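Peer 1: Spelled out from the first residue to the last, the chains are:
Number of protein chains: 2
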Amino acid sequence: MTKKRVTLKEVAARASVSYQTVSKILNHQAQVTDSTRQRVLEAVRELGYTPSYTARSLRSQRSKTIGYTWEPSSLDQFNPILDEFLRSMFITAEERGYYLLCYPYYQDIERQLETYRQLIDTGRVDAFVLSIINYNDPYVHYLLEQKFPFVGFGRLDDPPSFPNIDVDGGLGLHMAVEHLLSLGHHRIAALVWPEDSRVGNSRMAGYYEAMNEIGVDVHPEWIKRGEGCYATGFQAANQLLDLPDDIRPTGIVAMNDLMAIGAIAAIRQKGLRPGKDVAVTGFDDTPSARYLTPPLTSLRQPISLIGRNLMERLITFLETGKYPEPFAELVAPELVVRESTTGLEVPPATS
Amino acid sequence: MTKKRVTLKEVAARASVSYQTVSKILNHQAQVTDSTRQRVLEAVRELGYTPSYTARSLRSQRSKTIGYTWEPSSLDQFNPILDEFLRSMFITAEERGYYLLCYPYYQDIERQLETYRQLIDTGRVDAFVLSIINYNDPYVHYLLEQKFPFVGFGRLDDPPSFPNIDVDGGLGLHMAVEHLLSLGHHRIAALVWPEDSRVGNSRMAGYYEAMNEIGVDVHPEWIKRGEGCYATGFQAANQLLDLPDDIRPTGIVAMNDLMAIGAIAAIRQKGLRPGKDVAVTGFDDTPSARYLTPPLTSLRQPISLIGRNLMERLITFLETGKYPEPFAELVAPELVVRESTTGLEVPPATS
Chain L
1 MTKKRVTLKE VAARASVSYQ TVSKILNHQA QVTDSTRQRV LEAVRELGYT PSYTARSLRS
61 QRSKTIGYTW EPSSLDQFNP ILDEFLRSMF ITAEERGYYL LCYPYYQDIE RQLETYRQLI
121 DTGRVDAFVL SIINYNDPYV HYLLEQKFPF VGFGRLDDPP SFPNIDVDGG LGLHMAVEHL
181 LSLGHHRIAA LVWPEDSRVG NSRMAGYYEA MNEIGVDVHP EWIKRGEGCY ATGFQAANQL
241 LDLPDDIRPT GIVAMNDLMA IGAIAAIRQK GLRPGKDVAV TGFDDTPSAR YLTPPLTSLR
301 QPISLIGRNL MERLITFLET GKYPEPFAEL VAPELVVRES TTGLEVPPAT S
Chain B
1 MTKKRVTLKE VAARASVSYQ TVSKILNHQA QVTDSTRQRV LEAVRELGYT PSYTARSLRS
61 QRSKTIGYTW EPSSLDQFNP ILDEFLRSMF ITAEERGYYL LCYPYYQDIE RQLETYRQLI
121 DTGRVDAFVL SIINYNDPYV HYLLEQKFPF VGFGRLDDPP SFPNIDVDGG LGLHMAVEHL
181 LSLGHHRIAA LVWPEDSRVG NSRMAGYYEA MNEIGVDVHP EWIKRGEGCY ATGFQAANQL
241 LDLPDDIRPT GIVAMNDLMA IGAIAAIRQK GLRPGKDVAV TGFDDTPSAR YLTPPLTSLR
301 QPISLIGRNL MERLITFLET GKYPEPFAEL VAPELVVRES TTGLEVPPAT S
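Going down the list, the sequences are from chains L and B. Throughout the first sequence, residue numbering follows our numbering, covering 1 to 351 in sequence. Throughout the second sequence, residue numbering follows our numbering, covering 1 to 351 in sequence.
Hint data in this document are derived by calculation from the structure and do not stem from the laboratory. In this text the structure is predicted, and so the values were computed from the model without any measurement. Take these hints with a grain of salt, some might be off.
[Unchecked claim] The calculated DSS-like cross-link candidates involving lysine-lysine, where the alpha carbons are at most 27 Å apart (straight line), are: (1) B:Lys24 x B:Lys9; (2) L:Lys64 x B:Lys276; (3) B:Lys9 x L:Lys147; (4) L:Lys64 x L:Lys322; (5) L:Lys276 x B:Lys270; (6) B:Lys322 x B:Lys64; (7) L:Lys9 x B:Lys64; (8) B:Lys24 x B:Lys64; (9) L:Lys147 x L:Lys64; (10) L:Lys64 x B:Lys270; (11) B:Lys9 x L:Lys64; (12) B:Lys24 x B:Lys147; (13) B:Lys147 x L:Lys9; (14) B:Lys64 x B:Lys147; (15) B:Lys270 x L:Lys270; (16) L:Lys270 x B:Lys276; (17) L:Lys147 x B:Lys64.
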């Protein structure tokens with residue numbers, strides 16, 4: 001059914017040498033004359049022989065394959081980093097003879113562990129990249145316990161128990177808050193995920209830091225928590241805008257673009273001008289951020305850099321045969337400033 | 001470095017039988033007593049033996065792996081189907097013991113062919129799913145020539161030269177145009193990719209069909225072509241709105257959401273009301289479509305259904321050992337109606 005692969009035997013016949021000689025030459029083990037070597041390599045080229053990946057990985061006990069999965073997005077959301085992250089990983093992998101294998105994500109922990117077990121026990125993958133890392137993460141625990149190599153996009157503990165690279169979300173929020181402060185805002189609210197969110201908490205640290213540096217007391221009403229969706233941003237902003245004048249925020253930093261978009265809709269519905277009366281920042285710089293009304297100020301993560309570095313370090317570990325030493329590396333996000341904070345000049349939607 | 005795998009020999013020792021006996025029992029080839037079989041299977045369970053994937057695939061000459069790649073998106077765009085399409089494929093694959101392998105996409109045809117050659121020659125994958133299918137597609141030609149199994153998300157020719165499933169984009173445009181006609185619009189323009197776009201042309205067939213059915217002559221000025229980006233939509237809509245009164249469109253159908261978003265910005269900049277003065281439809285129903293101002297009427301593709309069906313048919317081919325017979329299947333998109341066609345009720349952005 002599929003194309004017939006050229007075998008070592010055919011190469012040997014063409015070069016008039018034994019099967020063993022070809023095998024040894026190709027594995028750089030043979031002591032043969034230059035003319036024999038040349039004859040064999042010519043036969044290899046002429047026939048288009050490629051060593052079988054499965055035969056080779058059986059010998060090396062390596063699949064040269066890295067596993068990765070990610071949490072599904074709901075219909076009204078999308079994974080803002082998926083395309084870029086996958087691409088940066090599989091391009092880097094291919095340069096070194098590796099490929100990326102995608103496996104399903106299951107909400108059920110036992111079911112998901114079964115997938116990990118299956119992939120490890122059958123020798124399907126040599127290592128994993130994890131990007132969904134929660135407190136008490138069962139997959140991190142499992143892989144550490146199995147001493148199976150992996151790296152994380154995201155940190156968990158300090159000192160780190162596994163190699164990871166993460167975006168410095170705290171620094172990002174620090175930048176967003178400083179940007180709003182510099183525009184004259186002082187009452188700055190935050191839209192954030194629930195308290196069990198590791199990513200949310202590390203970002204909020206930067207919010208508090210920036211507010212403390214300038215001596216602004218954070219009012220407890222300014223911190224609004226909920227799932228990172230449009231409705232959360234909309235409802236939270238409504239509540240914020242109903243606060244008494246002296247504590248009503250004029251700036252809002254959101255932990256993702258979708259909450260920021262919800263907040264902007266609420267601001268407009270109150271008859272206020274998003275970007276002028278109330279400034280809003282997002283996080284992720286999703287592709288549509290620039291096309292919103294007003295265009296959204298947001299924090300962009302250096303996803304390609306992270307994907308490439310994670311993959312390069314992982315493959316280096318695998319190639320040297322050493323179990324990855326834990327390390328933690330932080331990279332800075334970039335604040336992309338647009339009209340949702342600097343003020344909006346568009347004709348009114350005359351209705 | 002990685003977890004030590006239990007070997008067949010260890011199972012044999014535990015069950016006090018020969019290596020060959022274990023191997024034959026596990027491959028359902030052995031004629032042994034029930035008690036021997038039971039002893040071996042107990043040893044397998046006790047030791048947690050799993051047959052090595054590489055050893056097994058060496059015997060079967062199968063990798064149980066399907067390859068897939070896709071075209072990168074630019075920074076201001078994103079792939080609206082990627083997450084859902086990948087997910088539907090790898091969930092279906094895993095149910096049947098297969099996984100999805102992602103490989104790089106290269107603009108350079110020779111470089112990309114090299115990747116295909118590499119994946120095939122090393123036995124890395126058993127088949128491919130192609131989703132970028134162009135006229136005279138070099139990868140379709142190569143895989144057909146190699147008789148290497150693949151299925152396409154997208155059609156190319158009639159009768160089909162390979163198995164494929166596609167969204168009926170022509171039907172989609174037909175639905176969009178009919179929707180605008182039913183709202184009283186007759187001068188309906190189309191924003192479409194350049195003429196070498198296979199997808200664009202099949203969608204435009206539906207536009208012409210719907211216009212012809214109601215007896216509206218399509219004015220040549222109404223067809224605007226360009227790359228499917230925001231700027232194209234913006235510029236094209238500007239030109240359309242500058243047309244003389246008697247041919248100036250009041251409805252615009254775009255081949256993707258991004259062109260529709262650009263068109264809406266141009267309509268607003270002219271002091272017109274998008275959704276009231278000029279109705280606009282998109283294609284893809286991107287996650288942010290519902291959060292735009294106004295929310296965008298768009299066509300949604302049944303991506304999960306397509307991913308699942310493609311994978312199921314492909315694996316069935318592989319498991320039966322038959323080379324896939326060409327077929328072409330069309331699935332209907334769904335028109336999601338929002339305020340960009342039905343009229344918008346939001347407070348003006350008082351500035």
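Peer 1: Next step is simple, just say for each hint if it's right about the structure.
Peer 2: Consistency of the hints with the structure:
1. Distance restraint check for Lys24 (chain B) and Lys9 (chain B): the Cα-Cα separation of roughly 13 Å lies within the 27 Å cut-off, and the hinted pair is therefore satisfied.
2. Between Lys64 (chain L) and Lys276 (chain B) the alpha-carbon distance is near 57 Å, which puts this suggested pair outside the 27 Å criterion.
3. Among the hinted pairs, Lys9 (chain B) with Lys147 (chain L) is consistent with the structure: their alpha-carbon atoms are about 24 Å apart, no more than 27 Å.
4. At most 27 Å may separate the alpha-carbon atoms for a hinted pair to count; Lys64 (chain L) and Lys322 (chain L) meet this at roughly 15 Å.
5. With a CA separation close to 22 Å, the supplied pair Lys276 (chain L) and Lys270 (chain B) stays within the 27 Å bound.
6. Between Lys322 (chain B) and Lys64 (chain B), the direct Cα distance comes to roughly 15 Å. Compliance with the 27 Å bound is thereby established for this hinted pair.
7. Of the pairs offered as hints, the one joining Lys9 (chain L) and Lys64 (chain B) holds, with about 26 Å between alpha carbons and a cut-off of 27 Å not exceeded.
8. Straight-line distance between C-alpha atoms of Lys24 (chain B) and Lys64 (chain B) comes to about 22 Å, which keeps the hinted pair within the 27 Å bound.
9. The straight-line distance between the Cα atoms of Lys147 (chain L) and Lys64 (chain L) is roughly 17 Å, inside the 27 Å bound, and the hint therefore holds.
10. Taken as a hint, the Lys64 (chain L) and Lys270 (chain B) pair is broken in the structure, with Cα atoms around 57 Å apart against an allowance of 27 Å.
11. Restraint check for Lys9 (chain B) and Lys64 (chain L): satisfied, since their Cα atoms lie roughly 25 Å apart, inside the 27 Å limit.
12. The suggested pairing of Lys24 (chain B) with Lys147 (chain B) is violated, with an alpha-carbon distance near 33 Å, which exceeds 27 Å.
13. Taking the CA atoms of Lys147 (chain B) and Lys9 (chain L), the gap is near 23 Å; set against the 27 Å cutoff, the hint holds.
14. For the proposed pair Lys64 (chain B) and Lys147 (chain B), the alpha carbon gap of about 17 Å is at most 27 Å, so the pair holds.
15. Between the alpha carbons of Lys270 (chain B) and Lys270 (chain L) the distance comes to roughly 25 Å, so the proposed pair stays at or under 27 Å and holds.
16. Of the supplied pair hints, the one linking Lys270 (chain L) and Lys276 (chain B) holds, its CA atoms being roughly 22 Å apart against a limit of 27 Å.
17. Under the criterion of a C-alpha separation no larger than 27 Å, the hint pairing Lys147 (chain L) with Lys64 (chain B) is consistent with the structure, at around 26 Å.
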